[in-house]
Amino acid sequence: MDSSTLVSVSDGWVRTTTLTDTATLDPLHDEPTPPRFRRRGRITMWVSGAWLLFIVFSAVGASFLPYVNHSCDQFENEDLCTTHVETNPLLAERPPSWALFSETSRPVVGDAPERFGLFGTDTNGYDLFSRTMFGARNSLLIGALSISFGILIGGMLGLVAGYMGKRVDKIIDTIMNILLAFPALLLAIFIVGFFDSSTTTEAESRSIVPIVIALVILSIPPIARLVRANTIVFAQREFVLAARSLGAKNSRIIMREILPNVMPAMVTFAITGMAILIVAEGALAYLGLSVTAPTPTWGAMIFGGQTKLETAWWISIMPSIILFVTVLAINLLGDALSEKFRIREAIG
Amino acid sequence: MSTLQTAFRRRTGTLLRVEDLVTHFVTAGGVVRAVDGVTFSLDHGKRLGVVGESGCGKTILARSIMGLLPHRNVIRQGSVLFEGTELTTMSLKDRQKIWGAEMAMIFQDPMTSLNPVMKIGKQLAEPLRIHLGSSRENARAIVLKLLEDVGIPEPEKRFDQYAHELSGGMRQRIMIAMALACGPSVLFADEPTTALDVTVQAQILDLIEDQCREREMALVLVTHDLGVVAGHTDQIIVMYAGKIIEVAPTASLFSKMKMPYTEALFQSIPKLEDPSHTRLTAIGGRPPNLILPPEGCRFSPRCPYATDKCRTIEPELQAAEPDHLYACHHPVGSDRWSEVQVSLGRRPGGH
Numbered sequence: 401m402d403s404s405t406l407v408s409v410s411d412g413w414v415r416t417t418t419l420t421d422t423a424t425l426d427p428l429h430d431e432p433t434p435p436r437f438r439r440r441g442r443i444t445m446w447v448s449g450a451w452l453l454f455i456v457f458s459a460v461g462a463s464f465l466p467y468v469n470h471s472c473d474q475f476e477n478e479d480l481c482t483t484h485v486e487t488n489p490l491l492a493e494r495p496p497s498w499a500l501f502s503e504t505s506r507p508v509v510g511d512a513p514e515r516f517g518l519f520g521t522d523t524n525g526y527d528l529f530s531r532t533m534f535g536a537r538n539s540l541l542i543g544a545l546s547i548s549f550g551i552l553i554g555g556m557l558g559l560v561a562g563y564m565g566k567r568v569d570k571i572i573d574t575i576m577n578i579l580l581a582f583p584a585l586l587l588a589i590f591i592v593g594f595f596d597s598s599t600t601t602e603a604e605s606r607s608i609v610p611i612v613i614a615l616v617i618l619s620i621p622p623i624a625r626l627v628r629a630n631t632i633v634f635a636q637r638e639f640v641l642a643a644r645s646l647g648a649k650n651s652r653i654i655m656r657e658i659l660p661n662v663m664p665a666m667v668t669f670a671i672t673g674m675a676i677l678i679v680a681e682g683a684l685a686y687l688g689l690s691v692t693a694p695t696p697t698w699g700a701m702i703f704g705g706q707t708k709l710e711t712a713w714w715i716s717i718m719p720s721i722i723l724f725v726t727v728l729a730i731n732l733l734g735d736a737l738s739e740k741f742r743i744r745e746a747i748g
Numbered sequence: 342m343s344t345l346q347t348a349f350r351r352r353t354g355t356l357l358r359v360e361d362l363v364t365h366f367v368t369a370g371g372v373v374r375a376v377d378g379v380t381f382s383l384d385h386g387k388r389l390g391v392v393g394e395s396g397c398g399k400t401i402l403a404r405s406i407m408g409l410l411p412h413r414n415v416i417r418q419g420s421v422l423f424e425g426t427e428l429t430t431m432s433l434k435d436r437q438k439i440w441g442a443e444m445a446m447i448f449q450d451p452m453t454s455l456n457p458v459m460k461i462g463k464q465l466a467e468p469l470r471i472h473l474g475s476s477r478e479n480a481r482a483i484v485l486k487l488l489e490d491v492g493i494p495e496p497e498k499r500f501d502q503y504a505h506e507l508s509g510g511m512r513q514r515i516m517i518a519m520a521l522a523c524g525p526s527v528l529f530a531d532e533p534t535t536a537l538d539v540t541v542q543a544q545i546l547d548l549i550e551d552q553c554r555e556r557e558m559a560l561v562l563v564t565h566d567l568g569v570v571a572g573h574t575d576q577i578i579v580m581y582a583g584k585i586i587e588v589a590p591t592a593s594l595f596s597k598m599k600m601p602y603t604e605a606l607f608q609s610i611p612k613l614e615d616p617s618h619t620r621l622t623a624i625g626g627r628p629p630n631l632i633l634p635p636e637g638c639r640f641s642p643r644c645p646y647a648t649d650k651c652r653t654i655e656p657e658l659q660a661a662e663p664d665h666l667y668a669c670h671h672p673v674g675s676d677r678w679s680e681v682q683v684s685l686g687r688r689p690g691g692h
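As you go down the protein sequences, you meet chains A and B in turn.
Under the working numbering, the first residue of the first sequence carries the number 401, and numbering increases by one thereafter.
Under the working numbering, the first residue of the second sequence carries the number 342, and numbering increases by one thereafter.
The hints are simulated quantities; they were obtained by calculation from the structure and are not laboratory data.
Yeah, the Cβ is synthetic: ideal placement off N, Cα and C, and Gly gets one too.
Wrong hints could be hidden among the right ones.
[To be verified] DSS-like, lysine-lysine: derived pairs with alpha carbons at most 25 angstroms apart: (1) Lys463/B to Lys740/A; (2) Lys486/B to Lys498/B; (3) Lys486/B to Lys463/B; (4) Lys387/B to Lys438/B; (5) Lys463/B to Lys438/B; (6) Lys649/A to Lys438/B; (7) Lys434/B to Lys463/B; (8) Lys387/B to Lys597/B; (9) Lys486/B to Lys460/B; (10) Lys649/A to Lys460/B; (11) Lys649/A to Lys570/A; (12) Lys566/A to Lys434/B; (13) Lys498/B to Lys460/B; (14) Lys434/B to Lys649/A; (15) Lys650/B to Lys597/B; (16) Lys597/B to Lys612/B; (17) Lys463/B to Lys649/A; (18) Lys486/B to Lys438/B; (19) Lys566/A to Lys649/A; (20) Lys463/B to Lys498/B; (21) Lys740/A to Lys460/B.
[What the hints assert, rightly or not] What the simulated footprint calls covered on chain B by chain A, stretch by stretch (three residues with Cβ under 8 angstroms from a Cβ of chain A suffice, anywhere in the stretch; the number is not a length): (22) 400-413; (23) 468-477; (24) 510-521.
Pulled out of the complex, with its shape left as it was, chain A reads as follows (with noise of 0.2 angstroms):
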């Protein structure tokens, strides 16, 4: 390595300083270290993003992909399994074949095997893995359903609301605001049980609608907020006065002029807000008020293994491991993504 000696002068001493770092000593022509957050970044995106195209791909192809284990019992349409596994008290409750370390609750009898597939077997002996990947599909659905309608109606009270103002704003904000002051899973409760009372007894499967519903509901009033918010800064903005100015109706200003403009916001939102509301649906289904047996979800497949931690732990946390993994994943996808979307801005 290159040494170097700088000399200084200073109260009349002449100092020598004897530098061995070459890097240190020529910042205007050494290249400049590309910032190492962007690189990260990328990988962070590229993950979360395979990560949730496999999920998808998993939750979409349930009944065809050759590596969930299709135990028929366990779903409604028979005809969708290709590989019937029977339900065998054996096969119930073992731990999932890489699990050495863990032991067999219940004894092996005859030709049952000790540990059995990806993510073990649960008390009714369904592979848990297959059971997870349908209800994937379930809890995805849930959730891409909720935050659309939820964008659809939060987003459109908040155009109206944020660029129509005074009256209009008053009343929407106020519903808003009752809305956001009830506790937001009691509320949650309260519409779910609302529906259940009128349209199914208590051995059917319930349907998703109520579900959707009190998840959209409960989505609403933070999008309308954001929305508003977004639509109220972009609303003084000059380029709507020069709009107006041309003779543009409120609807084309809000539609052509306002929308884009607020989308980058409402889009982030909608994707971390997908991953809350599918957290939420699993804690509505914790509570049982998800939909119950035999269609899975993530919420529903947690709940039930509850009571088994001690013996049967992977019950619960296999599932509870792909809902961690996958949230975590949309959350680091929109943040990447709200990075892509900023608006580039006009700038003198």
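Let chain A serve as the given structure and place chain B on it in line with the hints.
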């Protein structure tokens, strides 16, 4: 108005008549008298300059005429006749038909008056699609022609660009093209060059002037810069504290100005023949509070010629010549004016 009517519409006579226009804002601090009884008229194809300090009501005047102001907490009176039609009582729907098609406006800051997420071409096509119902292909052809008219090189390329990809001067050209799209008969230019640098200012003003002449379009040029209106208008209105204090054809305003305020504005422009390091003459004091305007003449607290009469009696607009009105008790050239000039050590009669 249909295209046929537009083609045959009258191109002479009075286009715009503003009578006793009042726009007051009701605020927590009191009533802001932004525009306080303004009367003027504008002929077809004429160029009118509106000059005054910041906060004297110029912009509000332009917006009041178009009817662009919000309804809430605004007191408005007076009348605006546009080609014989009363605008102040017109419904919003009817006004929207006039906006863009008959009267258009360009704004001060081209940085913020273009939508950042809409492509230039699409934005320019908006007025065409709103008013003429043009198809996409049709609008594209017209837009490309417009871009060429306002002097934008490579219109095909600009068509698909966003506002942030263009320079400030370019963006102002786009704004002008947008305002011109439907061939309005009057263009309000609200400080169109304030946000641009000086070399571009001249280009933009020339462009506006050329387009006005070519399209036989009237112009209302709102600015605080006497230099801007000097070369580009036929008539000038000088505003102070929400009122018109002097109206004159451009040439006679500069040669025979009557108002001490106009004189002060004029003196605050640096002149080429001044020796270097000459101190700029500034107008003392601050623009008046529009909530509690001074009694009498509103300029009196800052006017070197003010007397007790000025501080009690508000001067009315009076005619020096048929087309030259002013509102002053001691106009430039009066005895009081000469007296003060002498006491200030200036040579009366010369600027």
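Results for each hint:
no., hint, verdict
1, Lys463/B to Lys740/A, "holds, 23 angstroms"
2, Lys486/B to Lys498/B, "holds, 13 angstroms"
3, Lys486/B to Lys463/B, "holds, 14 angstroms"
4, Lys387/B to Lys438/B, "holds, 23 angstroms"
5, Lys463/B to Lys438/B, "holds, 20 angstroms"
6, Lys649/A to Lys438/B, "holds, 10 angstroms"
7, Lys434/B to Lys463/B, "holds, 23 angstroms"
8, Lys387/B to Lys597/B, "holds, 21 angstroms"
9, Lys486/B to Lys460/B, "holds, 17 angstroms"
10, Lys649/A to Lys460/B, "holds, 20 angstroms"
11, Lys649/A to Lys570/A, "holds, 22 angstroms"
12, Lys566/A to Lys434/B, "holds, 20 angstroms"
13, Lys498/B to Lys460/B, "holds, 11 angstroms"
14, Lys434/B to Lys649/A, "holds, 8 angstroms"
15, Lys650/B to Lys597/B, "holds, 24 angstroms"
16, Lys597/B to Lys612/B, "holds, 18 angstroms"
17, Lys463/B to Lys649/A, "holds, 17 angstroms"
18, Lys486/B to Lys438/B, "holds, 23 angstroms"
19, Lys566/A to Lys649/A, "holds, 18 angstroms"
20, Lys463/B to Lys498/B, "holds, 13 angstroms"
21, Lys740/A to Lys460/B, "holds, 18 angstroms"
22, 400-413, "holds (count 3)"
23, 468-477, "holds (count 3)"
24, 510-521, "holds (count 4)"
The structure meets every hint from the earlier list without exception.
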